[in-house]
Amino acid sequence: MKKPLNSAPQPPRWATRLLHGFCPSYLVEEMEGDLDELFRQRIELIGVRKARIRYIRDVLSLVRPSLMKQKPAEFDASPPFFLGTTMIRNYFKIAFRNLLKNKVYSFINIAGLATGMAVAMLIGLWIWDELSFDSYHKNHDRLAYVMGTQTYNGETGTYHSIVVPLENELRTNYPSDFKRLSLLWMSTNILAVGDKKLAQSGTWAQPDFPEMLSLTMLKGSREAFRDPSSVLLSESVATSLFGNEDPINKVIRVDNKTNMKIVGVYEDLPHNTTFHDVRFLLPWHNTANWWNTQTSAWRNHGCSLVVQVSDQSDFDQLSAKIKDIVLPHIKEIEYISLHPMEQWHLYSEFKNGKVAGGRIQFVWLFGIIGAFVLLLACINFMNLSTARSEKRAKEVGIRKAIGSLYGQLIGQFLSESVLVAFIALVFSIALVWGSLSFFNHLADKAITIPWTTPSFWFLTIGFTLFTGFVSGSYPAFYLSSFKPVKVLKGTMRAGRFASLPRKVLVVIQFTVSISLIIGTIIVFRQIQHAKNRPVGYSRDGLITVAMNTPELNAHYNELRNELIESGGAVEMTESNSPPTQIWSNNSGFQWKGKDPTTDPLFGTIAVTHDFGKTVGWKIVAGRDFSRDFPSDSGSFILNESAVKLAGITNPVGKIMRWNGRDHVVTGVVKDMVMDSPFKPTVPTIFLMDYGWLNMIIVRTNPALSTRDALAKIEPVFKKFNPGSPFEYKFSDDEYARKFSDEERVGNLATLFAILAIFISCLGLFGLASFVAEQRTKEIGVRKVLGATVFNVWGLLSRDFVMLVIISCLIAGPLAWYFMNGWLQQYEYRSKISWWIFAVSGAGALLITLLTVSYQAIRAALTNPVKSLRSE
Amino acid sequence: MKGTYLGEFEEVVLLSVAIRSGDAYGAAVTTEIEQQMGRSVNLGAVHSALHRLEEKSLLTSRLGGVTQERGGRRKRLYTVTVAGRRALEEIRQLRNQMWDAIPTTAWT
Chain B
97 MKKPLNSAPQ PPRWATRLLH GFCPSYLVEE MEGDLDELFR QRIELIGVRK
147 ARIRYIRDVL SLVRPSLMKQ KPAEFDASPP FFLGTTMIRN YFKIAFRNLL
197 KNKVYSFINI AGLATGMAVA MLIGLWIWDE LSFDSYHKNH DRLAYVMGTQ
247 TYNGETGTYH SIVVPLENEL RTNYPSDFKR LSLLWMSTNI LAVGDKKLAQ
297 SGTWAQPDFP EMLSLTMLKG SREAFRDPSS VLLSESVATS LFGNEDPINK
347 VIRVDNKTNM KIVGVYEDLP HNTTFHDVRF LLPWHNTANW WNTQTSAWRN
397 HGCSLVVQVS DQSDFDQLSA KIKDIVLPHI KEIEYISLHP MEQWHLYSEF
447 KNGKVAGGRI QFVWLFGIIG AFVLLLACIN FMNLSTARSE KRAKEVGIRK
497 AIGSLYGQLI GQFLSESVLV AFIALVFSIA LVWGSLSFFN HLADKAITIP
547 WTTPSFWFLT IGFTLFTGFV SGSYPAFYLS SFKPVKVLKG TMRAGRFASL
597 PRKVLVVIQF TVSISLIIGT IIVFRQIQHA KNRPVGYSRD GLITVAMNTP
647 ELNAHYNELR NELIESGGAV EMTESNSPPT QIWSNNSGFQ WKGKDPTTDP
697 LFGTIAVTHD FGKTVGWKIV AGRDFSRDFP SDSGSFILNE SAVKLAGITN
747 PVGKIMRWNG RDHVVTGVVK DMVMDSPFKP TVPTIFLMDY GWLNMIIVRT
797 NPALSTRDAL AKIEPVFKKF NPGSPFEYKF SDDEYARKFS DEERVGNLAT
847 LFAILAIFIS CLGLFGLASF VAEQRTKEIG VRKVLGATVF NVWGLLSRDF
897 VMLVIISCLI AGPLAWYFMN GWLQQYEYRS KISWWIFAVS GAGALLITLL
947 TVSYQAIRAA LTNPVKSLRS E
Chain E
821 MKGTYLGEFE EVVLLSVAIR SGDAYGAAVT TEIEQQMGRS VNLGAVHSAL
871 HRLEEKSLLT SRLGGVTQER GGRRKRLYTV TVAGRRALEE IRQLRNQMWD
921 AIPTTAWT
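These protein sequence lines map, in sequence, to chains B and E. Note that our numbering has the first sequence beginning at 97, numbered continuously upward. Note that our numbering has the second sequence beginning at 821, numbered continuously upward.
These aren't lab readings, by the way, just hints derived from the structure by calculation. Beta carbons are placed, not taken as given, at the ideal position from N, Cα and C, and that holds for glycine. It is possible that some hints are incorrect.
Claimed, not checked - Example chain E residues on the side facing chain B (calculated, C-beta under 7 Å, incomplete):
hint: 1; residue: Ala-847
hint: 2; residue: Arg-859
hint: 3; residue: Asn-862
hint: 4; residue: Ser-868
hint: 5; residue: His-871
hint: 6; residue: Lys-876
hint: 7; residue: Arg-890
hint: 8; residue: Arg-894
As the list claims (entries may be wrong) - One side only, chain E facing chain B, incomplete, derived with CB under 10 Å:
hint: 9; residue: Gly-842
hint: 10; residue: Tyr-845
hint: 11; residue: Ala-848
hint: 12; residue: Thr-850
hint: 13; residue: Thr-851
hint: 14; residue: Leu-863
hint: 15; residue: Gly-864
hint: 16; residue: Val-866
hint: 17; residue: Arg-872
hint: 18; residue: Lys-895
hint: 19; residue: Thr-899
hint: 20; residue: Ala-903
hint: 21; residue: Arg-905
hint: 22; residue: Arg-912
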């Protein structure tokens, strides 16, 4: 405050200060005014000294409660609260203005982030679906398969295919450990009600099974299933058989053999349960269940046993307890263990009798990919924000000069990135919503967006905030650390190393993208490699029909003759497994020169005379089975692998002994890939046996289209098997299905690789346009001095090409390491050749050049007059 | 009871506001009372009374504009309300009534 020149007497300063101390702020101005006025008047009336004393007395008299109350403020005079809403509103306003002003950058940022978030969200939903597998069942943490572990040919296998008497053994000897048990035999059966016939997969199960799975009954009860002639239907089967009618107590005919009574309808099991394709339950203790006759067969494996352990039991302890229980009953060695339901889906692979991973690998793999794709999008955001920092440096300078604190500026830039993240979230949810059906198809899932689940929103929003903070953190700290004086004076120059972090981020982006491209190529090469493998027989036009009714079992010759006469088929045979699978493996073969210490396991396929002609195998030694030699009944034909495993030289005419009978080897066939195309051919023995047949294999007439051929075949089957619908499978489809897991991984990896490249290129495009803009003047000067368009293009592209080359050098070994590990799981695998790396690198380089060139050429073509005059 | 009873000092303050009508603020009211009654009054007492009278809605106030005097500080200007005027009149009437009731013999 200015001091009057004539140094007029002043009231005592301490009293004024006292007034400011106690007086509420809304009154202080008025009071001070009054005090001051009275003081001036009194100087003239009673003199300075007395006026001062009166002044003090007045001040003291103002110290009274009635005048010290805070009045509800008529105007807000409180100091601004840190990050108060006014300021936040300002931040968002500025953020919006920035977004609108730089439309290209905003588009790149939001599109990139939205894509990244959509990928992360899809993968998140997928992982959630995988992790929640089987959790539909209330007792899912108490259920387990009983597993048997056996060793053959030096290979240990663990399967949930066990012997029937095991159930009674566990039930009677360990009543306190097992609450409920149920044997299962999953099969495809024909259900008929009146004229309606339906072939569906279901299972034979013991009475406790509905209770164990906690099936949700829509009609009837779980208890009613105790009746050995009762069935439970799933809702979908009940609807397709009965429509809106009530199916309870109706009679249903199973496999055209047995009549059963429907006692309940349960809600369809969701897609993410192991038993989701069990569409009905048939009663175990029914005479139609063949396995129910095997109650003392200790060596006949084939059905499964699910147990519900008691609440206090521990799976590991229980496994140890029951490990040896079948040993007293058999000569071989078989150990028993439990495989908890919670591990069925994700940890389904066994090594030496121990759980050794499974799909959990994919959960990890895709989780990592999802995180990386999101990281790429975040890197874009960081790169573009820091690159544009010089443009916003002035804003930062002015804010700081006006009084913004470091923390407030960080808050501003973080709120900006959070805003962008939320805009991206809206787009990404739309993207996920739009692409979910495609994704479900690709991943073989039935995922829906859990709109109504609070935890979904909680996670989504938390994860968006996280993305916003991560992508905004670097620019926020970088921008807010500018020195205001330098910025405002215009001496702010990003140093030589300012762009270094940006370059590192670009290298990371391209390393991830190139690794994904290499990985994708290797996955597809492996699939192609296995597909191109010579299979040794012809699958085209081969169809298989399951023999699930007694009518088909007789009349082999009549059926074959009529099929060929119909013109729809050229050949027909029967065997015990379809040509694309080997259902039966056996040991116990004896031959001359066999090493007595080993007991090798052979795939055993029972066939008829016409098998070779139907599938088209190639005889390499000896001869095919023939009706001209009545002694062929019971003969063997070996494949090359079987000959090698047995170690027999010149096997034709040799005798092998099995199940107490001598079998003559009449021939050797070329190896056929009937099992996994990724594994070496199974040593297989083809055995002529008309008493052990399950499948009818028909080769359709190649002169006709498949449709016409089937139309001719169908009436023949209808005639011989009137009780069942004509259900068939194409062998080439079945064979193609063996690749489905690999193809699924390949397709998903392709999708992610494309998205990763897309996001990286978006970022690169933004950076290139920024660099071109920043160097407008330089380019102008260069052009004036005689630089050609090509020179300028080279100048702008060189930096980016260098970065991509560095990424290639990092990505190559990285991808090689991981993909080599992946390939190790396949015994029949392709080689990783150098050209894969060359092609991926060249591809990435090409895409980079295309992206950068657009901006570079545009910059090179601008008229230098314009760019030089632009100030 | 609040709103009906007027203390002696309050009455004096209210009268002063009426006298200075149009320019009645803390310091002016204080000077007025001092001049009229010839005794010194504390500013705090005056302000406290003004606040109380405003609470009883016998006075209203508004913040005046910024002027050159008082170093640019604003004044709070008080006006007597209708209720304030009626309160003063009632007191005066009561006094007159009581005066009239005094027998003439009382003074002798």
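Evaluation of the provided hints:
Among the interface hints, the one on Ala-847 (chain E) holds; its C-beta lies about 4 Å from the nearest C-beta in chain B, closer than the 7 Å criterion. Hint status for Arg-859 (chain E) relative to chain B: violated, with the closest Cβ pair at about 13 Å, above 7 Å. The criterion of a C-beta within 7 Å of any C-beta in chain B is met by Asn-862 (chain E), whose closest approach is roughly 4 Å, and the hint holds. Taking 7 Å as the C-beta cut-off, the interface hint given for Ser-868 (chain E) holds, the closest approach to chain B being about 5 Å.
For His-871 (chain E), the interface hint holds, since its Cβ comes within 7 Å of a Cβ in chain B; the closest pair sits about 6 Å apart. For Lys-876 (chain E), the suggested interface contact is broken, since its CB lies about 13 Å from the closest CB of chain B, more than 7 Å. Hint status for Arg-890 (chain E): holds, given a least beta-carbon distance of 4 Å to chain B, under 7 Å. Of the supplied interface hints, the one on Arg-894 (chain E) holds, with its beta-carbon coming within about 6 Å of a beta-carbon of chain B, less than 7 Å.
Interface hint status for Gly-842 (chain E): violated, as the beta-carbon distance to the closest one in chain B is roughly 17 Å, over 10 Å. Satisfaction of the interface hint for Tyr-845 (chain E) is found here, the shortest Cβ-Cβ separation to chain B being roughly 7 Å, below the 10 Å cut-off. Because the closest C-beta pair between Ala-848 (chain E) and chain B is about 8 Å apart, less than 10 Å, the hint holds. At about 6 Å, the closest approach between the beta carbon of Thr-850 (chain E) and any beta carbon in chain B falls short of 10 Å, and the interface hint on this residue holds.
About 6 Å separates the beta-carbon of Thr-851 (chain E) from the nearest beta-carbon of chain B, less than 10 Å, and the hint is met. The criterion of a C-beta within 10 Å of any C-beta in chain B is met by Leu-863 (chain E), whose closest approach is roughly 4 Å, and the hint holds. Given the 10 Å rule on beta carbons, the hint for Gly-864 (chain E) holds: about 3 Å separates it from the nearest Cβ of chain B. Here the hint on Val-866 (chain E) is kept, as its CB sits about 9 Å from the closest CB of chain B, short of 10 Å.
For Arg-872 (chain E), the interface hint holds, since its Cβ comes within 10 Å of a Cβ in chain B; the closest pair sits about 7 Å apart. A cut of 10 Å between beta carbons decides the hint on Lys-895 (chain E): the least distance to chain B is about 6 Å, and the hint holds. Annotation: interface hint on Thr-899 (chain E) violated; nearest CB of chain B at approximately 16 Å, more than 10 Å. Because the closest C-beta pair between Ala-903 (chain E) and chain B is about 20 Å apart, greater than 10 Å, the hint is violated.
For Arg-905 (chain E), the suggested interface contact is broken, since its CB lies about 24 Å from the closest CB of chain B, more than 10 Å. Given hint, Arg-912 (chain E) at the interface with chain B, is violated; its Cβ is 27 Å from that chain's nearest Cβ, farther than 10 Å.
When the structure is compared with the earlier hints, violations turn up for hints 2, 6, 9, 19, 20, 21, 22 and for no others.
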